[in-house]
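If you read the sequences in order, they're chains D and Z. Residue 195 is where the first sequence starts when you use our numbering, and the numbers rise one by one after that. Residue 414 is where the second sequence starts when you use our numbering, and the numbers rise one by one after that.
Because the hints were derived from the structure by calculation, they are not lab data. Just so it is clear, CB atoms sit at the ideal spot from N, CA and C, and this is done for glycine as well. Be careful, since some hints might not be right.
[Claimed, not checked] As a list, the in silico DSSO-like pairs of lysine-lysine whose alpha-carbon atoms are at most 27 Å apart:
1) D/Lys333 with Z/Lys507
2) D/Lys274 with Z/Lys461
3) D/Lys307 with D/Lys317
[Claimed, not checked] With the C-beta cut set under 8 Å, the calculated list includes, among others, these residues of chain D facing chain Z:
4) Ala236
5) Gly239
6) Asp242
7) Asn243
8) Val251
9) Ile345
10) Ser348
11) Glu381
12) Asn384
13) Leu385
14) Leu387
Each chain, letter by letter, is given below.
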Amino acid sequence: MSITVCEEIILLTVNDEGKLLRWSEELAVRAAVAGASLIDLAFRGRIDNDVNELFIVSHEPTGEAHLDMALKYLAGKGEKMPIQTAVYDVMEVAREIHAAALQRLVERGILAKKDESFLWVLKSRRYPPLSSVIQQEAKLRILSVLMSDDIPTSEDVALISLAYETRILELFMSPAEIERLSARIQEVGNLELIAQAVSAVISDIRTASPILFMAPL
Amino acid sequence: MEITHETIGDKLVVRPEGRLDSLTAPAFEAGLVPLVDRAGVVVIECSKLTYVSSAGLRVFLTAAKTAKSKGGKIVLCALAPGVQEVFTVSGFSKIIDMHPTLDAALA
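Next comes chain D alone, as it looks inside the complex (with noise of 0.2 Å):
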């Protein structure tokens, strides 16, 4: 099954019990999921970059509900813009991006949707997976590409950049293996031009506010 980056993304943040990163704080997911649309929409065609710039090239719906939110928001701000300037502006609408890429994932059969509630009020919200091969794949494509010199593919690239950007790589590698295989990540994650102004928002938002990325789960 082929489902989108930002589909992938989200997955490597939901735990075996379904639960999320506390959105609140995580400004990390935030930025991954705006990257990470901004990404899928390059792989369809609909914008383009350079080094410097990003530009929309097609207003034509994907047909992916999270992804035409990002496209139609984008397009709002502007035909041409900075790639930074793309990802905040993106990232403005992260959190319905984010309902909607989840509510894909349940579409797929990919994850369920349990609310729990206490005294008839709705106390929690869960996505436990419906079954666990999707996201392996994802972390065992992750961990493939990094352990060996293969070139990657621009999917593999874009979520290795994402995750380990916004420490979602966290959340299935010990630091240790992070700083063993720092050199490779590095060299993948660099491939791709918007993760690297993912990288820069982030570190924007952590000197003005490193409080406010704590850590996840």
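Following the hints, position chain Z against chain D.
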């Protein structure tokens, strides 16, 4: 964008010409990948490549992966300064061999 090729010695030399962006990348990929799929070393002479966007970089990544899977490789040469910058900033210059001239690439 146009793409021509010729064999020099035991190497295939491919010459793309024009802009490589989201509009031209599909045709470039369709022309390049079959060439790297059947040859050992493919030298891509880029002197007439005027612009490369991320969509273009992804084609080079696909071509490099395809070549490596067949035991070959792609080599880039004679990049214009603006195009060279894209490959340097994106880190592609670390995974794809690059040479300043065609002679150096063929040596």
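Hints and how they fare:
1. Note on D/Lys333 and Z/Lys507: the hinted pairing holds, with a Cα-Cα distance of about 24 Å set against a maximum of 27 Å.
2. Only pairs whose Cα atoms come within 27 Å are accepted, and D/Lys274 paired with Z/Lys461 is accepted, the gap being roughly 26 Å.
3. The hinted pair formed by D/Lys307 and D/Lys317 meets the criterion: a straight-line CA distance of about 14 Å does not exceed 27 Å.
4. Among the interface hints, the one on D/Ala236 holds; its C-beta lies about 6 Å from the nearest C-beta in chain Z, closer than the 8 Å criterion.
5. Hint on D/Gly239 holds. Least Cβ distance to chain Z is approximately 5 Å, under the 8 Å limit.
6. With a least beta-carbon distance of about 4 Å to chain Z, the hint placing D/Asp242 at the interface is held under the 8 Å criterion.
7. Evaluation of the D/Asn243 hint against chain Z yields a held restraint, the C-beta minimum of about 5 Å falling below 8 Å.
8. At a threshold of 8 Å, the smallest CB-CB gap from D/Val251 to chain Z is about 5 Å, leaving the interface hint in force.
9. Checking D/Ile345 against chain Z by beta carbon gives a least distance of about 4 Å; that is within 8 Å, so the hint holds.
10. Among the interface hints, the one on D/Ser348 holds; its C-beta lies about 5 Å from the nearest C-beta in chain Z, closer than the 8 Å criterion.
11. Because the beta carbon of D/Glu381 sits about 6 Å from the nearest beta carbon in chain Z, less than 8 Å, this interface hint is met.
12. Hint status for D/Asn384: holds, given a least beta-carbon distance of 4 Å to chain Z, under 8 Å.
13. With 8 Å as the threshold, the beta carbon of D/Leu385 comes within range of chain Z, its nearest partner Cβ sitting at about 5 Å, so the hint holds.
14. With its C-beta approaching chain Z no nearer than about 5 Å, D/Leu387 sits inside the 8 Å limit, and its interface hint holds.
When the structure is compared with the earlier hints, no violation turns up for any of them.
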